[in-house]
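We have chain A already, so just place chain B with the ligands on it with the hints.
Just so you know, the protein sequences line up as chains A and B, in that order. Residue numbers for the first sequence follow my numbering, so the first one is 1 and each next one is one higher. Residue numbers for the second sequence follow my numbering, so the first one is 1001 and each next one is one higher.
By construction, these hints were calculated from the structure, which means they are not laboratory data. Only a predicted model underlies this, so the values are computations on that prediction, with no experimental measurement involved. Misleading hints may appear alongside valid ones.
[Said to hold, decoys possible] DSBU-like cross-link-like pairs, simulated, lysine-lysine; straight-line CA separation at most 30 Å:
#, chain 1, residue 1, chain 2, residue 2
1, B, 1084, A, 204
2, B, 1083, A, 204
3, B, 1083, B, 1117
4, A, 324, A, 151
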Amino acid sequence: MDGMIPPFARAAAGPRLSRRGLGAALGALVLGASLPRRMAHAEGAAPPPPGTRVSAFLEIHPDGRFRLLSPFVEGGQGIATTMAQIMGEELDVDPARFEVECAPPGLDYAVVDGMRMTGGSSSTRSSYAIMRRLGATARDMLLRAAATRWKVRPEQLVTENGQVLHRQSGRRLTYAALAGEAMALPPAETVRLRDPRTFRYIGKPFARLDMRDKSTGRAAYSIDTRVDGMLQAAVQHAPRIGAEAGDFLNEAEVRAMPGVHSIHRLKDAVAVVADSWWRARRAVETLKVDWKPGQGGLPEDFSSAGMLAALKAERGTGAVAEEKGDTEAALRGAAKVIEAEYDAPYLSHAQLEPPSALARFNADGTLDLWLPNQMPELFQGAAAQVAGLKPEEVRLHSPMLGGFFGRHFLYDFANPFQQAIQLAQAVQRPVKVIWSREEEFARDAVRPMGFTRFRAGLDANGMPVGLQAAVVGEGPIGRYFGAAMGNPPVDPSMVEGIVERPYAIPNRRIDCVRHPQPAVIAFWRSVGHSMNEFFYESFLDEIAAAGGKDPFALRMELLKDSPRQRDLLRAVGDLSGGWKRGPYEAEGGKRARGVALASAFNTEVATIAEVSIAEGEVQVHEVWVAIDPGSIVNPAIITNQVQSAVALGLSSSLLEEVVYEKGAPQARNFDAYPILNRTRMPRVRVRIIESGAPMGGIGEPGLPGVPPAVANAVAALTGQRVRSLPFSKTRFGAV
Amino acid sequence: MIELTINGTTRQIDVEGDTPLLWVLRDTLGMTGTKYGCGIAQCGACSVLLDGQATRSCVTPVESAVGAQITTIEAIETLPVGKKVVAAWVGGEVPQCGYCQSGQVIAATALLQQTPKPTDEDIAAAMTNLCRCGTYNNIADAVRHAASAA
Ligand code: FES
Ligand code: FES
Chain A
1 MDGMIPPFAR AAAGPRLSRR GLGAALGALV LGASLPRRMA HAEGAAPPPP
51 GTRVSAFLEI HPDGRFRLLS PFVEGGQGIA TTMAQIMGEE LDVDPARFEV
101 ECAPPGLDYA VVDGMRMTGG SSSTRSSYAI MRRLGATARD MLLRAAATRW
151 KVRPEQLVTE NGQVLHRQSG RRLTYAALAG EAMALPPAET VRLRDPRTFR
201 YIGKPFARLD MRDKSTGRAA YSIDTRVDGM LQAAVQHAPR IGAEAGDFLN
251 EAEVRAMPGV HSIHRLKDAV AVVADSWWRA RRAVETLKVD WKPGQGGLPE
301 DFSSAGMLAA LKAERGTGAV AEEKGDTEAA LRGAAKVIEA EYDAPYLSHA
351 QLEPPSALAR FNADGTLDLW LPNQMPELFQ GAAAQVAGLK PEEVRLHSPM
401 LGGFFGRHFL YDFANPFQQA IQLAQAVQRP VKVIWSREEE FARDAVRPMG
451 FTRFRAGLDA NGMPVGLQAA VVGEGPIGRY FGAAMGNPPV DPSMVEGIVE
501 RPYAIPNRRI DCVRHPQPAV IAFWRSVGHS MNEFFYESFL DEIAAAGGKD
551 PFALRMELLK DSPRQRDLLR AVGDLSGGWK RGPYEAEGGK RARGVALASA
601 FNTEVATIAE VSIAEGEVQV HEVWVAIDPG SIVNPAIITN QVQSAVALGL
651 SSSLLEEVVY EKGAPQARNF DAYPILNRTR MPRVRVRIIE SGAPMGGIGE
701 PGLPGVPPAV ANAVAALTGQ RVRSLPFSKT RFGAV
Chain B
1001 MIELTINGTT RQIDVEGDTP LLWVLRDTLG MTGTKYGCGI AQCGACSVLL
1051 DGQATRSCVT PVESAVGAQI TTIEAIETLP VGKKVVAAWV GGEVPQCGYC
1101 QSGQVIAATA LLQQTPKPTD EDIAAAMTNL CRCGTYNNIA DAVRHAASAA
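So here's chain A without its partners, still in its complex pose:
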């Protein structure tokens, strides 16, 4: 597809911001109101490395408020609270006292491998050490400031929840009273961190900070933003990406509708600006547009069925993603060879907050922009391009997200901020664009379609001796980062979950066979893992069946060299009351269980699901999850994230599928794209295991094990092996 902003082209190189431009943004980020100006921004000095400048992350206000500027955006994953816990632990301030906000764009916040994003389940693990050090550095500055004031040695002082104490004399001062002096001090090169054995906040189920606001309607999202003099806009996208607006057939009628300000032609859409969003929407949906085929975009005959057929027909060999031993020879010498093909559909993010963007040009030519996003600097740069400004002339605001799951990266045709900028320029007023749910389904970037072909060879004892897989398709890493990475032949987001499995299968070969997909593809919670563990772990159960083995016992045996995963498998077995496959009688019907392992984002997960069949459909009653993220910050947040990941894993595998026909997705609302409701939610039990391995991710790893655990349970119960998602495509007979 051509003529588009390459979404991640600048990401790998890190945010492009000039020091001069940062001044405006960072000037406000002072620690304490009395911080001398020269400390706020040393013009011309070499920029400090990301994650080291205390005043970029922490403000201590004279009224005793602690404001934490987080590199990450809160969207339900609890990262605001996690950051407060880590910072509070070392600063010695109760995390409940923090106000946490997503920081504006700035080099200081490039703490995820030199860039900044909220994604990849990377927030806590990437910034854990950084936030600890920042908290400890700030505490040390406060101690030294107090020591100077009292003319004592810093070693004689202690801190206690936001105060510095001199025990000998009984004197005490609040951090707020010391903040100005403290920040004038040079930060220490090295600071002592707290002994983890004395942690009060880290590792504890600390209550999330935003619960009240979110239970009383006070939490404000992008869609809720408003500014003085603002107009609102609604859009009608082209029926297919690539089509272009020709004549308006009833323009006079639409112009005369109540509240209508103006009608606009945009790339890929037409828009109506009005005095309220409902009036704008009414008008734009009344507007009759003569859409012309146009150039490029999605082919007019593009369909998901055609895409799947093309992936299945792809016989290219691709590139080797993993190779061990001699798989061809192992398969030739095997007592038994089995084969299977698996596929998974396009998926929508379907986060509950529809996308929006509010653009306001200011008298000095700068632009304020509010929009849901997972990468502030990237959007700042893209917005500057659209507006014809320098990045530092764009003040980007990143409100709380009403769900994201990978939705709010920069994808072609998938973000409304370009429309808001163009409309604000055209009408010379601030404009907020909201996409209706229908327009969102029309332009959401989708989880790629997946297809994998497996072959396995078993020896006479039923043990797998060789495994071969061809993973066919395209992944978001390859599409969006490929060029920046020098176009490696293997796209890790295609093969993750199929390569580097912990099982002792002596010969294996995994090929990455790239086959481009015209649809605009996206990151979607757990990315390639969202389908690849389904493929692999389902096929592993097929191997067990072919070898006459119990799937749990076979996994145990194959994990002989992987003690971490072995422990986890045992743990999930215990959590479920002891492994049993079934079928067995329970609550007046037949049920069975399935098991699956997942390794994602440096976290290991073992999942067991219990299912029955009712009226031809899969019912999931219980899900048990043992998760080992190495070490943790907040067990309550982890438990909730696992609940959430189970729900999304189940929703996608039971119900979801974006169907394209004639170049366009067919479902435009939740009536035609059903998502998991309360009646389908199983009971979920979680056990967290801290093996001490390097800290892994939390937001995504709970998802990949769910679809295969369910599929394996269904196979145990019905004898039917589901190899194509979602389950709702398959009707099951009575059991």
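Structure of chain B with the ligands alone, referenced to chain A:
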């Protein structure tokens, strides 16, 4: 002019009579606690109380709400049951992204006002709002907790 009673206050509103109540609340009155999710009565994010009934305001023409007592999430804690529900939501740490939760709290309040001691079936029948973050188990626990709170 259309006259509405919202959270005990009378408001005069100048919009087309078929405008959904949701957009009157959000745009005309600036009360953004009530959320837009789907616009077709599928998700429940837009729920408000209309004479105590949980009602999906995205498909409620504003003229049909004339004469009714409208309660939105902004005033939920002025109701004794609403106050208990919010306490249970906060205590049970129900919300994740939070976007659906205004509607969930409204639905739970309506349920417990009508059925102070709901069975699991009552909860299932009343709590039909969607949550993409999958907070359903916490929601059910919080409803039970609010019901048992004195
Ligand atoms: S917005 Fe009203 S039900 Fe979804
Ligand atoms: S908490 Fe996010 S949609 Fe319910």
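Status of the hints after comparison with the structure:
1. B:1084 <-> A:204: holds (26 Å)
2. B:1083 <-> A:204: holds (28 Å)
3. B:1083 <-> B:1117: holds (16 Å)
4. A:324 <-> A:151: violated (67 Å)
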